[in-house]
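Enquirer: Model the full structure from these sequences, guided by the hints.
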Amino acid sequence: MPLADVSGEEGMGAMLVDSHTHLLRLEVSPEEAVKGAAEAGVVAVVNVGTDIEDSQRGAELAAVLPNVYSTAGIHPHNAGTYTAADLEALAELSESPGIVALGEVGLDYYRSEWSGEVQRALFEDVISLANDTRLPLVIHSREAFADTMACLGSARVPIVLHCFEGGDREVREATERGYYVGLAGNVTYKGSETARVLRLIDEERMLVETDAPYLSPQPVRGEKNVPENVVHTAGFVAERLGMEDEELATLTTRNARNLFGLPLEV
1463 MPLADVSGEE
1473 GMGAMLVDSH
1483 THLLRLEVSP
1493 EEAVKGAAEA
1503 GVVAVVNVGT
1513 DIEDSQRGAE
1523 LAAVLPNVYS
1533 TAGIHPHNAG
1543 TYTAADLEAL
1553 AELSESPGIV
1563 ALGEVGLDYY
1573 RSEWSGEVQR
1583 ALFEDVISLA
1593 NDTRLPLVIH
1603 SREAFADTMA
1613 CLGSARVPIV
1623 LHCFEGGDRE
1633 VREATERGYY
1643 VGLAGNVTYK
1653 GSETARVLRL
1663 IDEERMLVET
1673 DAPYLSPQPV
1683 RGEKNVPENV
1693 VHTAGFVAER
1703 LGMEDEELAT
1713 LTTRNARNLF
1723 GLPLEV
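Whatever position you read off the sequence shown (first residue = 1), add 1462 for my numbering.
Hints were generated in silico from the structure; no laboratory data involved. A couple of the hints might just be wrong.
Claimed, not checked - Computed cross-link-like contacts, DMTMM-like style, restricted to lysine to aspartate or glutamate with a CA-CA straight-line distance of at most 25 Å:
1. K1686 to E1494
2. K1652 to E1605
3. K1497 to E1709
4. K1686 to E1489
5. K1652 to D1570
6. K1652 to D1630
7. K1686 to E1727
8. K1686 to E1493
9. K1686 to D1570
10. K1497 to E1727
11. K1686 to E1665
12. K1497 to E1665
13. K1686 to E1522
14. K1652 to E1701
15. K1686 to E1655
16. K1652 to E1706
17. K1686 to E1635
18. K1686 to E1515
19. K1497 to E1708
Claimed, not checked - DEER-style ranges, computed between Cβ atoms:
20. G1704 to A1547: 42 to 52 Å
21. V1580 to R1702: 30 to 40 Å
22. E1708 to N1593: 17 to 27 Å
23. T1545 to G1684: 35 to 45 Å
24. A1583 to E1706: 38 to 48 Å
25. A1546 to L1703: 38 to 48 Å
26. Y1651 to A1546: 35 to 45 Å
27. A1657 to V1526: 35 to 45 Å
28. G1615 to E1557: 23 to 33 Å
Each residue gets a CB set at the ideal place from its N, CA and C atoms; glycine is no exception.
Expert: Put into structure tokens, the structure is as follows:
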């Protein structure tokens, strides 16, 4: 499959997967975003659901857009409005073609208006559903690492810690548990603790993502993020690890394939 060189990222002409993005929140249409990503060498995009409606629309996108896959989840910001019917809806969505994981779900002690107890109740229910469906879990954790890891002790499925933020201790614990680590645009920011410990991350568990429209990487910081910008984060990580861009792209694309079961030849 021929891949175009990426403007602004010298040498980044390899396959990449944006392992976490929000196509339904972009200022451009999902179709335009996917087209731009493909032109930049992004061979697959994982669209992430944050509530039932969002997840249902994501499943529809995955059914009609090439190289788009989706997840079904309930973000901790929505924990207080969660009902038993929502869990049933997630279970139904988990059987939809193109749904490759449950999430994002987790704990947010920084911004969520809901108590930790309310968030944990939702989190534990979705972990249980993941164990039943055998789907991977996409985890949101902000200023809640210890409690997040405690809850995940009951999970029996692959885990990705999306938009990973942490230092030596957090990386070592994630590595010991065999969790995947999603690196977003914030790793490129000055003073990033995660950037300092990149070499501690298990290469077989490393992913790159945008979390678009949020967390634009440093070269485009201040602009609304889009999936094609994953090339900037990938280029930064490759440089820090002393890898060729193509090596990092192949590595992270293989990891995304293995985690989500994507039909990619790597």
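Enquirer: Now, for every hint given, state plainly whether the structure supports it.
Expert: Hint by hint, here is what the structure shows:
The hinted pair formed by K1686 and E1494 meets the criterion: a straight-line CA distance of about 14 Å does not exceed 25 Å. Using a Cα cut-off of 25 Å, the hinted pair K1652 and E1605 holds, with the two alpha carbons roughly 19 Å apart. Only pairs whose Cα atoms come within 25 Å are accepted, and K1497 paired with E1709 is accepted, the gap being roughly 24 Å. Only pairs whose Cα atoms come within 25 Å are accepted, and K1686 paired with E1489 is accepted, the gap being roughly 8 Å.
At roughly 23 Å between alpha-carbon atoms, K1652 and D1570 fall within 25 Å of each other, so this suggested pair holds. Restraint check: the Cα-Cα separation between K1652 and D1630 comes to about 18 Å, which is no more than 25 Å; the hinted pair holds. For the hint pairing K1686 with E1727, the CA-to-CA distance comes to about 31 Å; that exceeds 25 Å, so the pair is violated. A C-alpha spacing of about 16 Å is found between K1686 and E1493, which places the hinted pair at or below 25 Å, so the restraint holds.
Distance check on the hinted pair: K1686 and D1570 sit about 23 Å apart at the alpha-carbon level, within 25 Å; holds. For the suggested pair K1497 and E1727, the alpha carbons sit about 20 Å apart, so the restraint of at most 25 Å is met. For the proposed pair K1686 and E1665, the alpha carbon gap of about 29 Å is over 25 Å, so the pair is violated. Under the criterion of a C-alpha separation no larger than 25 Å, the hint pairing K1497 with E1665 is inconsistent with the structure, at around 29 Å.
Between K1686 and E1522, the direct Cα distance comes to roughly 24 Å. Compliance with the 25 Å bound is thereby established for this hinted pair. For the hint linking K1652 to E1701, the alpha-carbon distance of about 15 Å falls within 25 Å, and the restraint holds. Pair hint K1686 plus E1655 holds up; C-alpha atoms about 23 Å apart against a cutoff of 25 Å. Under the criterion of a C-alpha separation no larger than 25 Å, the hint pairing K1652 with E1706 is consistent with the structure, at around 22 Å.
Proximity of K1686 to E1635 is assessed by CA-CA distance (about 33 Å); at most 25 Å being required, the pair is judged violated. At roughly 23 Å between alpha-carbon atoms, K1686 and E1515 fall within 25 Å of each other, so this suggested pair holds. A hinted pair counts as satisfied when its Cα atoms are at most 25 Å apart, and K1497 with E1708 qualifies at roughly 21 Å. The hint said 42 to 52 Å for the Cβ distance between G1704 and A1547, and at roughly 50 Å that hint holds.
Between V1580 and R1702 the beta carbons are some 38 Å apart, a value that agrees with the proposed interval 30 to 40 Å. Here the CB-CB span from E1708 to N1593 is close to 37 Å, at odds with the stated 17 to 27 Å. Checked against the hint of 35 to 45 Å, the C-beta distance between T1545 and G1684 comes to roughly 39 Å, which is consistent with it. Taking 38 to 48 Å as the suggested C-beta distance range, the pair A1583 and E1706 conforms, at roughly 46 Å.
Remark: the range hint 38 to 48 Å for A1546 to L1703 is upheld by a beta-carbon distance near 45 Å. Distance hint check for Y1651 and A1546: the Cβ-Cβ separation is about 40 Å, which falls inside the suggested range of 35 to 45 Å. Between A1657 and V1526 the beta carbons are some 37 Å apart, a value that agrees with the proposed interval 35 to 45 Å. Restraint check, G1615 to E1557: a C-beta distance of roughly 27 Å satisfies the suggested window 23 to 33 Å.
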